[in-house]
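*Asks:* Sequence:
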Amino acid sequence: MNIASDAASVRTAGRGAVSWYAYLLIGYFSYILSIQGNILPFLRDELGLSYREVSLHISAIAAGMMLVGLFGVRAIRALGRRQTLAVACAGSAAAAVMLALAPAAVVSIGACLVFGLIGSFIPVIGWALLSQVQGARRAIAFAEANATACLFSMAAPLITGGCIWLGLGWRTAVLVGAAAGVAVLIAFRRTPVPDDENRRSPVAQRLPAAFWYYFALIGLGVAVEFSALLWAPSYLEQVVGVAPAAASIGSTAFFAGMLIGRVGGAGLLRVASARSLFFAASATVLAGFLAYRLGGDVSVAVIGLFVVGLGTALLFPLALSFAIEAAGPAAELGSSRAMVATGLAIMLAPPLLGAIADFVGLAQALLMMPVFMGLGLIAFFLGEARRRAAA
Numbered sequence: 001m002n003i004a005s006d007a008a009s010v011r012t013a014g015r016g017a018v019s020w021y022a023y024l025l026i027g028y029f030s031y032i033l034s035i036q037g038n039i040l041p042f043l044r045d046e047l048g049l050s051y052r053e054v055s056l057h058i059s060a061i062a063a064g065m066m067l068v069g070l071f072g073v074r075a076i077r078a079l080g081r082r083q084t085l086a087v088a089c090a091g092s093a094a095a096a097v098m099l100a101l102a103p104a105a106v107v108s109i110g111a112c113l114v115f116g117l118i119g120s121f122i123p124v125i126g127w128a129l130l131s132q133v134q135g136a137r138r139a140i141a142f143a144e145a146n147a148t149a150c151l152f153s154m155a156a157p158l159i160t161g162g163c164i165w166l167g168l169g170w171r172t173a174v175l176v177g178a179a180a181g182v183a184v185l186i187a188f189r190r191t192p193v194p195d196d197e198n199r200r201s202p203v204a205q206r207l208p209a210a211f212w213y214y215f216a217l218i219g220l221g222v223a224v225e226f227s228a229l230l231w232a233p234s235y236l237e238q239v240v241g242v243a244p245a246a247a248s249i250g251s252t253a254f255f256a257g258m259l260i261g262r263v264g265g266a267g268l269l270r271v272a273s274a275r276s277l278f279f280a281a282s283a284t285v286l287a288g289f290l291a292y293r294l295g296g297d298v299s300v301a302v303i304g305l306f307v308v309g310l311g312t313a314l315l316f317p318l319a320l321s322f323a324i325e326a327a328g329p330a331a332e333l334g335s336s337r338a339m340v341a342t343g344l345a346i347m348l349a350p351p352l353l354g355a356i357a358d359f360v361g362l363a364q365a366l367l368m369m370p371v372f373m374g375l376g377l378i379a380f381f382l383g384e385a386r387r388r389a390a391a
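In this text, residue positions in the sequence shown follow the numbering used here: the first is 1, and each later residue adds one.
Hints in this document: simulated from the structure, not taken from any laboratory. This structure is a prediction, so every number in the text was calculated from the model and none was measured. Take these hints with a grain of salt, some might be off.
Distance windows between CB atoms, simulated [stated by the list, open to error]:
id : residue 1 : residue 2 : range
1  : ILE378    : VAL107    : 38 to 48 Å
2  : GLN83     : ASP297    : 53 to 63 Å
3  : ALA136    : VAL107    : 15 to 25 Å
4  : PRO370    : PRO41     : 43 to 53 Å
5  : PHE381    : ASP297    : 28 to 38 Å
6  : TRP20     : LEU47     : 33 to 43 Å
7  : PHE359    : ASP297    : 40 to 50 Å
8  : GLY241    : VAL107    : 46 to 56 Å
9  : PHE42     : GLY241    : 21 to 31 Å
10 : ALA78     : ALA272    : 17 to 27 Å
11 : GLU46     : ALA385    : 50 to 60 Å
Cβ coordinates follow ideal geometry from the N, Cα and C atoms, glycine included.
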């Protein structure tokens, strides 16, 4: 296969089959990742798990992500992207089935580790693939892929709730996700997937200094996202003072903002530069946080949470596009290392806020969100300075 010409032919086709393959697989991965929050309460009740054991499920996924981020490129180069995607999709679907059938905590936690360890190859290859075939459109493609992921993430609680309401049980929702992943794999089995243009190069690849600042930006953006995502129901209930059911419903404002932000962001990137939109997104997050944290009234807090979601929606896709742009010919290595930043943020940020909340209260602990955002802006400016210096 002529990798360069194959990628070029795909690129001229715009949003072709290979891009849709990446979008849908990333969406499937996001569905299984997001459904954890919906099914873990049921697992806790059925298996008699402690809160520590419950938290280990998310930590296991994050650990798998980081291992793939550190060592996954070697496996991708050995097998090729197409074969690695097939193994990742089938293996992660098997891990989801294993989770649904787990009779004990050691099995369910092990299933999450396997999902993170095998499934994380999907976004690693997906981002690098989109960057290669879309070229200058990578920021738009990343926004579209994240919009797809957001749709799948929102489907997770809806399908879980529907399965429970129909008497099918929460396990059915997990199996639906696994079946969707296998269906995508079968539907695109004949789609040509170009390999990394430098796959056979004997020269060891290095990532430039600018990449590592954007790496920090990715982690800090994910920290903002997961801090809002995981603590919103508790904040609305314990600090704002609404009923638990209302707090759960109110927290969906964040998902709504994320969905609108990611769908709208793909369109905005056609008329505005990615860096201009990054500043706008950062300002939106900070403005939304002020209303969320200082509004006092439930309606103001929910609107603020929606605005936080609106701004947060573009932080990850834009930071990732900056990082992979800076990586240049080492895009696949950059995409792999981005998973380390994501895994670290998922593993460390929510527990950090929880530990702070134990000492000073949840309202004060949430002040870490603008701190994360401020540090992200510093990382962005430093990355831009190094990028210009290297140009």
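*Asks:* Each hint needs a verdict: does it hold in this structure or not?
*Replies:* The hints, checked one at a time:
| no. | hint | verdict |
| --- | --- | --- |
| 1 | ILE378 to VAL107: 38 to 48 Å | holds, 43 Å |
| 2 | GLN83 to ASP297: 53 to 63 Å | holds, 55 Å |
| 3 | ALA136 to VAL107: 15 to 25 Å | violated, 46 Å |
| 4 | PRO370 to PRO41: 43 to 53 Å | violated, 30 Å |
| 5 | PHE381 to ASP297: 28 to 38 Å | holds, 35 Å |
| 6 | TRP20 to LEU47: 33 to 43 Å | holds, 38 Å |
| 7 | PHE359 to ASP297: 40 to 50 Å | violated, 27 Å |
| 8 | GLY241 to VAL107: 46 to 56 Å | violated, 39 Å |
| 9 | PHE42 to GLY241: 21 to 31 Å | holds, 27 Å |
| 10 | ALA78 to ALA272: 17 to 27 Å | violated, 40 Å |
| 11 | GLU46 to ALA385: 50 to 60 Å | holds, 53 Å |
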